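S.K.: Each chain is listed here by its residues.
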Amino acid sequence: MTETATLLEVKKVTKRFPGVVALDEVSLSIEAGKVTALIGENGAGKSTLMKILSGVYLDFEGEFYYKGEPARFSDPKDAQQHGVAIIHQELNLIPYLTIAENIFLGRELVTQYGTMDKSRMRKRTQELLDRLKLKVNPDSQVFKLKVGQQQIVEIAKALLTDAELIIMDEPTSAITGAEVEVLFDIVADLKSQNKAVVYVSHKLDELFRIADNYVVLRDGKSIESGEMAGMTQDQLISKMVGRKIEVMRKTTDRGVCEPLLEVKNLSLKSRLKAGNVLSNVSFNIGKGEIVGLFGLMGAGRTELLETIFGLHPARSSGQVLLGGQSICCDSPARAIAAGLALVPEDRKKDGLVLGLGVKNNISLTTLQEMEQLGTLNDSKECELADHYISELRIKTPTKEQKAKNLSGGNQQKIVLAKWLATRPKVLLLDEPTRGIDINAKTEIYKLIIRLADEGLGILMVSSELPEILAISDRILVMAEGRLTGEFLASEASEDGILKKAISAMQ
Amino acid sequence: MPIAYSPKNLAKFQSLIALFLLCLALSILSDKFLTFSNLWNVMRQISVNICISVGMTLIVLTAGIDLSVGSVLALCGAITAGLLKNGIELPGQNLFIGFTVLGAILAGALSGSALGAFNGWAITKFNVPPFVATLAMLTVARGLTMLWTGGFPISGLGDTFLFIGTGWFLGIPVPVWISIVVVALAVFLTDKTRIGRYIYAIGGNESASRLSGINVNKVKIIVYTIAGALAAVGGIMVTSRLDSAQPNAGISYELDSIAAVVIGGTSLSGGRGSILGTVQGAIIIGVLNNGLVLLNVSPFWQQVVKGLVILLAVIIDKSNSKNE
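Chains C and Y supply the protein sequences, listed in that same order.
Residue numbers for the first sequence follow the working numbering, beginning at 1066 and rising by one.
Residue numbers for the second sequence follow the working numbering, beginning at 22 and rising by one.
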């Protein structure tokens, strides 16, 4: 055994966002010549940690050592120059530039006359592509490549600089079979050159093949680290999910209740490629029932809610029934009229008009009811806003305050308020507690439970297993556009759910 | 502390303050500025830009833009003038349709609405960027104007029609009355009606608006239709004032109009701004134009000054919204 050197070490790193602690005193050490697997559920803090390692986030607390010296990168480029390269999960390529132009973006080679040295760049690119066994012309524009090929270009980009540490964030999410094998060869190659690799993946079997060490993150904390050898998949899964569950709802056995929302054979064609994003999804939600929907990133959860809500009429097929009546949701307006409400995943992008006030955001879905003789009745709007501000305890200085000035939790309450104002029968919630603090989370759980008690049917998508387990009556699991599991709350466990969500991907 | 003096409140009135300072400077520098005949003349000229800019504001609030207003203005003015003067003769049918003043005006306004609706339809149905769709309309409407007029002015339109552009009512020029009515209706629309709220919501966040069940496309088509109709109103006013529909009328009016909207504090990315702000912007541009002429500034320098004022206004506005 050769002595291994620690390349990068962080100690007690804490990163806060407004209202949330994303990383809480995380420690981690990365050794040269080893592959370190970074494991954790969605939202465990993996992305935040990687962004700190690669110089994207600069304001964090804690100690940061690089090659044994205390260090702080000043920006991503500085990190790159120090030898840290990152392969992002979301592709960061410029579609209309060629492969060679993308790979050398920001670090172009120049001739002695100051012009770009295209032939040298093309040659280097060709070498990289050969090494990665990608048979395409370095001059092809990136948007013409398949997603898997683009992923390889992304990898080539990281290999160009002589990096000491290569961070790979879900590098196999878009590639298959032979391409994965090539990637693993590259990783082995890097290891033999004494480089350090941080490998993030949901696919545990991959990690067992290539990783030497593992680090488990949970709720923004580093839970455990050690050597991969001797671990089993089940042991790793139990470390990922070992969070204490605070059961908030004592689910009474409601027996067979009549279905309120029935979804039959719902399918959704992919916009980009052949094949389906959703395939024959069928399920029911009863009156007063909370159904949790779990799946990993890319399982099709958001698309399922959007399709039910009528956002993809041209690409979808199947049937949605509400109270036994078939509803044809080809637009959000129809869906709302039928009694559906969707609280979207990204409240800033899809939920709120940030530049409008609290009051105007709350009334946006029900402006028709605020009208009198063709004009908006301000006192009715104020009444509506006051009602929900007090009922949901929205903390805002005035009801005219712009939504963008409120905290995440209060913003989410505004979104909930505007949907409750439509008096829906079924509430579709997409990550309703994402990015909000623990107190606001608890308030929102209580609200969801109360709404169910009042007779609403609720479908809640979440990547946080503890919250799904805490308040659901029934849990559906999705993977790759299909329902892969169904559990009653009484018989559900984190391990069981996670296995259903992961197994279909292997 | 009295709120009136806080810097934030001051920022709200900055264009009014700028306008006041501008007028003060001009009345010192030129003895012709502060005369009734000059001021009414300025107001009359501004009225046209106010009408167009009100429509432009509604569009910009939805994060769109309309480059076609100048051409639409020319075409609708020419349609009104042509119908009034010549009527329509259906070839081969020995049928002649004459138009009253009211009939011709309605026909002009309807043409403007139709052109605006077409803009909105192209933008929403085919997802054409507003910049491109209305750029196309700029050319199309100008071409149609040339076809309709044969490239020659249509003049001699009769005293009744001239009243619109040159007449007085209760001691105030008729165009000023028209712009007051247009502004009042637009303020009502934006502040008191559902459509108005939707306009702000769509400009602020189109995706969230769509998810809230708002028929975004319908609102956009309505907005472009209104803008087309208001460009037609402007065209009728210009035609009446000159007693002539010029085939080259309204060239580059879209730029003055966008300038008024921007100086008035409406954000080109949508969702933020107001009709009354635009009115101030239009007045500032009008007074500036007038002042530069009175001070015998060469037309070349006038353009330079106007451009710099627009730039300055936007820079000030940006720094204000940052402080918000």
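These are calculated hints, taken from the structure and not from any lab test.
For clarity, every value in this text was computed on a predicted model and none was experimentally measured.
Be aware that one or more of the hints could be misleading.
A partial selection of chain Y residues facing chain C, derived with a Cβ cut-off under 7 Å [claimed, not checked]:
| id | residue |
| --- | --- |
| 1 | Lys53 |
| 2 | Ala205 |
| 3 | Lys213 |
| 4 | Arg215 |
| 5 | Arg218 |
| 6 | Ser233 |
| 7 | Ser290 |
Ideal placement from N, C-alpha and C gives every residue a C-beta, glycine not left out.
S.K.: Does each hint fit the structure? Answer for all of them.
M.R.: Taking the hints in turn, this is what the structure says about them:
1. With 7 Å as the threshold, the beta carbon of Lys53(Y) stays out of range of chain C, its nearest partner Cβ sitting at about 44 Å, so the hint is violated.
2. Taking 7 Å as the C-beta cut-off, the interface hint given for Ala205(Y) is violated, the closest approach to chain C being about 14 Å.
3. Given hint, Lys213(Y) at the interface with chain C, holds; its Cβ is 4 Å from that chain's nearest Cβ, closer than 7 Å.
4. The restraint placing Arg215(Y) at the interface with chain C holds, with a minimum CB-CB distance near 5 Å, inside the 7 Å limit.
5. Using the Cβ-Cβ criterion of 7 Å, the hint placing Arg218(Y) at the interface with chain C is satisfied: the shortest such distance is roughly 6 Å.
6. Evaluation of the Ser233(Y) hint against chain C yields a held restraint, the C-beta minimum of about 5 Å falling below 7 Å.
7. Of the supplied interface hints, the one on Ser290(Y) is violated, with its beta-carbon coming no nearer than about 10 Å to a beta-carbon of chain C, more than 7 Å.
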